[in-house]
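Protein chains in written order, with the working numbering: chain A, 1 to 347; chain B, 1 to 352.
Where hints are given, some of them may not hold.
To be verified - Here are the simulated lysine-lysine pairs, BS3-like style, with alpha carbons at most 25 Å apart: (1) B:14 / B:254; (2) A:145 / B:236; (3) B:114 / B:87; (4) B:87 / A:145.
Stated by the list, open to error - Some but not every residue of chain A turned toward chain B, in silico, with C-beta under 10 Å: (5) 19; (6) 124; (7) 128; (8) 130; (9) 283; (10) 298; (11) 302; (12) 312.
Simulated from the structure, these hints should not be mistaken for laboratory data. Source: prediction; values computed, not measured. Don't be surprised by glycine CBs; every beta carbon is placed ideally from N, CA and C.
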Amino acid sequence: MTSYFIRRFMLIVPTFIGVTILVFAVTRLVPGGPIERMLQEAAMAGADVGAATTSFGGGASALSDEQIDELKAYYGFDKPVVLGYLEWLSKVVQLDLGTSTRYSEPVWDTIKDRFPISIFYGITTLILTYGVCIPLGIVKAIRHKTTFDNLTSAVVFFGYAIPGYVVAIALLTAFAGNLGWFPLSGFVSDDFDDLGTLEKIWDVTHHAVLPLMAYTAGSFAVTTMLMKNSLMDNLAAEYVRTAIAKGMAFRQAVFMHAFRNSLIPIATSFGSNITLILTGSFLIEQIFNIDGFGLLGWESLVERDYPVVMGILVISSLLFMIGNILSDICVALVDPRVKFGSGETSQ
Amino acid sequence: MTAKAPLLNPLTLKQWQRFKSIRRGYWSAVALGAALLLSAGAELLVNSRALIVSYQGEWYFPTYADYIPGRTFGLDYDYETNYRELKGAFSAGGVGDWVLMPPVPYDAFENDLKSGVYPPYPPSVADRHYLGTDSTGRDMVARLVYGFRLAFAFAAILLGCNFVIGIAVGCAMGFWGGAFDLLFQRLIEILNNVPFLYVIMIVASVIVPGFWTLMGVMVFFGWTAMTWYMRTSTYKEKSREYVLAARALGASSKRMVASHIIPNTISVIVTFIPFSIASGIAALTAIDYLGFGLPPPTPSWGELLRQGTQHLESPWIVTSVVVAMGLVLLMVTYVGEAVREAFDPKKFTYYE
């Protein structure tokens with residue numbers, strides 16, 4: 001088992017190289033990279049001089065050819081794809097993610113600044129999701145096919161069918177745009193630094209309500225149904241039947257026996273949730289204009305800030321892979337019957 | 001040789017019965033089918049061209065024909081007839097000429113602007129803009145209907161491509177195992193780890209992606225899900241006795257896979273269809289929302305959502321799209337749930 005997990009961890013390396021080389025190649029092979037972007041901006045800034053006929057990269061642009069070459073060399077765009085990749089990789093191994101072409105500061109610093117916001121949303125979403133879904137799933141399993149179950153099923157189904165970003169847009173339009181109950185965007189108000197402690201807490205909460213609802217809507221349905229179905233499977237199992245047959249109180253049978261075993265599938269989903277915590281959602285952060293990890297990815301893609309794009313990719317793919325392994329470890333921990341590694345080819 | 005097996009064997013019939021008995025899923029399937037049929041003939045229902053024009057005793061059917069210049073109907077221009085104005089002119093003329101317009105007399109591309117007021121216009125029965133217009137004065141109903149048709153077609157073709165590749169590769173992985181399996185396992189893991197929105201955005205920033213470019217990128221990253229399930233179920237089926245028996249009788253690999261293993265994994269395949277459609281629609285809408293999808297002025301739900309968030313004071317835009325999308329995805333999911341239950345009925349034990 002240990003050797004299985006060690007093997008899994010070692011397999012991260014080829015996958016990581018595959019993922020990064022794919023995206024790296026795409027960023028390099030597609031024209032219109034960061035240098036062109038910079039030139040474009042420089043040209044736009046200098047447009048008032050009357051240089052409307054300037055073509056980018058030509059001799060008449062704001063920079064001379066040598067300067068462009070220098071810039072390319074500085075950011076490492078002057079090398080062929082494979083060499084460029086190897087250089088990038090050797091830097092990453094030394095924990096150097098390069099320099100952002102947009103902010104001209106280390107990529108790691110840019111990314112690091114966004115983590116607290118994403119972590120705040122991630123952890124709150126996680127607590128909300130499990131805090132609501134587990135009890136709801138239990139009640140729904142025990143009261144299967146009652147009015148309560150059918151009513152909540154309708155809500156759960158709706159949440160399952162509608163993607164989170166559509167929920168986000170609907171909430172934004174209704175409660176922020178038209179009713180004006182919540183702020184339209186951002187993580188905190190502009191005058192956040194001038195507020196008192198209590199007001200600060202209120203401000204964050206006020207801004208967080210809608211995005212949190214959208215985040216939770218995404219994982220809410222799946223987790224609730226998972227909880228309900230696995231508890232019902234366990235309630236139907238022989239050992240619970242035996243417990244009830246020998247006179248154990250129903251409540252006790254549910255909580256002492258069935259409930260504990262039905263948490264196992266929930267543990268499976270834990271690992272992928274860890275990734276969500278740290279990386280957030282691209283779309284939801286974009287919709288609510290929350291300055292987190294996802295929005296950074298979006299902005300750096302739009303601005304062709306490829307070093308940051310690659311940096312985000314490094315972190316998110318590592319988290320994703322480690323998250324997957326962690327959830328398998330979780331499963332192995334809570335369920336001693338699970339044996340990884342021995343039966344992989346006969347699954 | 002015995003007679004060929006009937007098209008619907010008893011098991012399939014039973015599954016169909018079970019599917020029909022799940023009323024929610026069955027009626028959703030009926031409603032979805034009706035919506036698809038109607039949207040396939042959307043030109044007859046939502047169109048700026050008239051259904052029938054009766055002019056000087058002759059009947060014209062402009063819907064699917066080439067455009068008819070205005071001069072044909074005695075108007076003073078050579079470009080396409082404006083049938084809404086023609087209708088007004090005819091009814092004012094009182095010579096017995098008439099125009100039959102579709103229920104929603106707008107198509108998805110024309111800007112129906114009024115002088116003095118800027119779009120988006122709110123819903124209005126008098127103007128026959130039943131759900132209002134978008135921010136450039138295009139009819140919401142028309143945008144929604146044609147957008148639905150396009151999104152569904154996109155999702156269906158995407159599903160077809162993903163399934164062909166997924167089933168072929170998945171079966172091969174499960175059947176051959178070994179190095180081939182390992183190689184593709186790594187490949188799938190890599191593709192699963194690449195955020196495909198990134199790639200689409202990078203590609204879209206250079207070329208405006210058309211229908212097929214977008215499809216290509218999405219298939220490139222999308223075939224893996226099906227492959228994984230097919231690999232697992234092929235593994236399972238391969239070690240069953242009937243496959244061993246077929247092998248002992250000298251069946252070729254091709255025969256074992258094509259006529260023994262795939263028919264027995266059909267429940268996995270069928271169960272996947274509705275959910276793949278739903279996720280295809282959701283993904284296309286997300287890309288369109290971000291502005292990296294189908295080029296304008298293609299009618300699309302995502303583009304409408306984008307307009308809606310930019311025009312929060314016109315809530316009918318977001319409301320229409322969210323309700324339409326909610327209904328469609330809900331129905332697709334209901335169908336999916338019913339299909340799953342029909343193929344794999346679960347019986348639960350209740351305590352009182």
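Here is how each hint holds up against the structure:
no.	hint	in the structure
1	B:14 / B:254	violated (29 Å)
2	A:145 / B:236	violated (34 Å)
3	B:114 / B:87	holds (19 Å)
4	B:87 / A:145	violated (56 Å)
5	19	holds (4 Å)
6	124	violated (23 Å)
7	128	violated (22 Å)
8	130	violated (23 Å)
9	283	holds (6 Å)
10	298	holds (8 Å)
11	302	holds (8 Å)
12	312	holds (9 Å)
Of the numbered hints given earlier, the model fails hints 1, 2, 4, 6, 7, 8; all others are met.
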